[in-house]
Amino acid sequence: MTSLFYIEHSNGKVSDQSLKAITAAIEIDGETHGLIAGSNIDEAVTEASKISGLNKLIHIDSSEFDNVLAEKLTDVLNGMSDQYDYFLAAATTTGKNVMPRLSALLDVSQISEIIAIEGPDTFIRTIYAGNAIATVQTSDAKKVLTVRPTAFKASEIGTESCEISKISPENISSISEYVGEELTKSDRPELTSAKTIISGGRGMQNGDNFELLDKVAAKLGAAVGASRAAVDAGFVPNDYQVGQTGKVVAPELYIAVGISGAIQHLAGMKDSKIIVAINKDEEAPIFDVADYGLVADLFQVLPELEQAL
Amino acid sequence: MKILVPVKRVIDPYVNIRVKSDQTGVETENVKMSMNPFCEIAVEEAIRLKEGGSCTEIVAVSVGNQSCQETIRTALAMGADRGIHVLTDETLEPISIAKILAKIVEEESPGLVITGKQAIDGDNNQTGQMLAALTSMPQGTFASKIEIDGEKIKVTREIDGGLQTINLNMPAIITTDLRLNEPRYASLPNIMKAKKKPIDQKSPSDYGVDTAPRVKVLKVIEPPKRQAGIKVENIGELVEKLKNEAGVL
Chain S
57 MTSLFYIEHS
67 NGKVSDQSLK
77 AITAAIEIDG
87 ETHGLIAGSN
97 IDEAVTEASK
107 ISGLNKLIHI
117 DSSEFDNVLA
127 EKLTDVLNGM
137 SDQYDYFLAA
147 ATTTGKNVMP
157 RLSALLDVSQ
167 ISEIIAIEGP
177 DTFIRTIYAG
187 NAIATVQTSD
197 AKKVLTVRPT
207 AFKASEIGTE
217 SCEISKISPE
227 NISSISEYVG
237 EELTKSDRPE
247 LTSAKTIISG
257 GRGMQNGDNF
267 ELLDKVAAKL
277 GAAVGASRAA
287 VDAGFVPNDY
297 QVGQTGKVVA
307 PELYIAVGIS
317 GAIQHLAGMK
327 DSKIIVAINK
337 DEEAPIFDVA
347 DYGLVADLFQ
357 VLPELEQAL
Chain U
69 MKILVPVKRV
79 IDPYVNIRVK
89 SDQTGVETEN
99 VKMSMNPFCE
109 IAVEEAIRLK
119 EGGSCTEIVA
129 VSVGNQSCQE
139 TIRTALAMGA
149 DRGIHVLTDE
159 TLEPISIAKI
169 LAKIVEEESP
179 GLVITGKQAI
189 DGDNNQTGQM
199 LAALTSMPQG
209 TFASKIEIDG
219 EKIKVTREID
229 GGLQTINLNM
239 PAIITTDLRL
249 NEPRYASLPN
259 IMKAKKKPID
269 QKSPSDYGVD
279 TAPRVKVLKV
289 IEPPKRQAGI
299 KVENIGELVE
309 KLKNEAGVL
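Line order of the protein sequences matches chains S and U.
FYI, the numbering for the first sequence is 57 to 365, going by the working numbering.
FYI, the numbering for the second sequence is 69 to 317, going by the working numbering.
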């Protein structure tokens, strides 16, 4: 059996999400091949080729793939599908965009966001925003899986490089076209890879008050997140959102400020190692999952916290 | 231009989920059901395009049991023009739903299909992308803004690091993210009017789609419960505990 894992990269590095999710592919019996795409990405290719447990790296060396579109990438994946039994990617916005399209081309019923592998055809995943955990078994010969990165430990980058094979696909689909990206600029670490996260909810009252969180985050080297309520209220952009419909995170320390603890938010952060909740409503459900709760006015205690660090 | 909007009936997002004690699934008997929130956003977007003059007809489709009629009626009450109900008592996998929808796309030739990015029951996030593959259409997933420009549609997508913009040839498939719009509530007169709008009833076999399941659910359990910890009195105590007890500072 052979697995093909789609490796994401940026700024010359393999993404943390891919490094975690590829561990699932390596856990499956047989060889693991990686697929990485883009031109002039030697650094990322070199790093990817040293992922411990990877047997071969395929590099789509083409500027057509500098910005990955699902239509083009699935054409290439579909073209090499005879050689593989498993197709995997991290459950990022890219993985979620690409893999179901491939799955349909292969006439396979995809298993989304697996959190554990039980056997060659049996996987564990969460449903209902993490309120239930399902063990599922597929009868499809080929398997298409997306992997929740927080559920797996990052693979090591070793010193030995595996075999690298370059391909340059031709006649690729052009029914879609990349225009541009507007990435949120921040000095803070990425939410999904941060060791510490401080998130604000509706209790923050407006977007300007998120500066109070930024100041604490600067002291902690933390990422700043938000609840869906805060995003819906327009305080911060959607890429701040932690929760079932946003990002699923599992840092060492998660500090929830002015967040009541709706089910959908808890689904995105309850695997954090230590949870701190600061809320003036002592009945808020967030306290049911918090290791340390502080019933207080956030506007008073956030500056105190900043001072104390 | 015609717009096709698939809508799904799910357990209401504000209902507490109960896992069945025999571990076969989640309790759905006597539980409040609603239209999947992302599907509501899809219906709303189609209505706005119609109000803006770029759409002439909105067709709402639902695949599922008899009660899905209500979900289609909700879409009709919001402003969709007619419905197609593909009646089945089986729970279909996204690949089967996508195959049925692909046949409907073939019959109806919509200029756009707008679907929710995921349903809040299975959390699969697959159907739109699969439908795009099966119809060879481009896909604009997790859309937070769409603009039609002649034969193309410009889609702003919510991606992990921020926003991405792509252009798609039409016809195309769009899947909705939260910030695309805020869905309206249906007014009482519109709810009454919706009762007269036509719903065509079909079955999966009408479309010649094999809906046999490939994925078997072996068991469904509750997630491990996290215990509530302690309350601290002030920031000083909190920082001390985080340093010395939890060791995370």
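Check the hints yourself; a few may be wrong.
To be verified - The following residues of chain S were derived to be distant from chain U, with all beta-carbon distances above 12 angstroms:
| hint | residue |
| --- | --- |
| 1 | Gly68 |
| 2 | Lys106 |
| 3 | Asn134 |
| 4 | Gln139 |
| 5 | Ser159 |
| 6 | Asp163 |
| 7 | Cys218 |
| 8 | Thr240 |
| 9 | Pro293 |
| 10 | Ile334 |
| 11 | Val345 |
Unchecked claim - Computed cross-link-like contacts, BS3-like style, restricted to lysine-lysine with a CA-CA straight-line distance of at most 25 angstroms:
| hint | chain 1 | residue 1 | chain 2 | residue 2 |
| --- | --- | --- | --- | --- |
| 12 | U | Lys309 | S | Lys329 |
| 13 | U | Lys265 | S | Lys329 |
| 14 | S | Lys209 | U | Lys213 |
| 15 | U | Lys311 | S | Lys275 |
| 16 | U | Lys309 | S | Lys336 |
| 17 | U | Lys88 | S | Lys326 |
| 18 | S | Lys336 | U | Lys293 |
| 19 | U | Lys293 | S | Lys251 |
| 20 | S | Lys251 | S | Lys275 |
| 21 | S | Lys198 | U | Lys284 |
| 22 | S | Lys241 | U | Lys88 |
| 23 | S | Lys271 | S | Lys209 |
| 24 | S | Lys336 | U | Lys213 |
| 25 | S | Lys251 | U | Lys70 |
| 26 | S | Lys271 | U | Lys311 |
| 27 | S | Lys336 | S | Lys326 |
| 28 | S | Lys271 | U | Lys261 |
| 29 | S | Lys251 | U | Lys88 |
| 30 | U | Lys311 | S | Lys326 |
| 31 | S | Lys336 | U | Lys265 |
| 32 | S | Lys251 | U | Lys265 |
| 33 | S | Lys326 | U | Lys213 |
| 34 | S | Lys198 | S | Lys275 |
| 35 | S | Lys329 | U | Lys299 |
| 36 | U | Lys70 | U | Lys309 |
| 37 | U | Lys309 | S | Lys275 |
| 38 | S | Lys275 | U | Lys222 |
| 39 | S | Lys241 | U | Lys213 |
| 40 | S | Lys326 | U | Lys309 |
The hints are simulated quantities; they were obtained by calculation from the structure and are not laboratory data.
Note that this is a predicted model, so its numbers are computed, not measured.
Heads up, the beta-carbon is just placed ideally off N, CA and C, and yes, glycines get one too.
Exercise for the section: Could you work out which earlier hints the structure fails to respect and list their numbers in ascending sequence? Expected result: 3, 5, 6, 8, 9, 10, 11, 13, 14, 22, 23, 24, 25, 28, 29, 31, 32, 33, 34, 36 and 38
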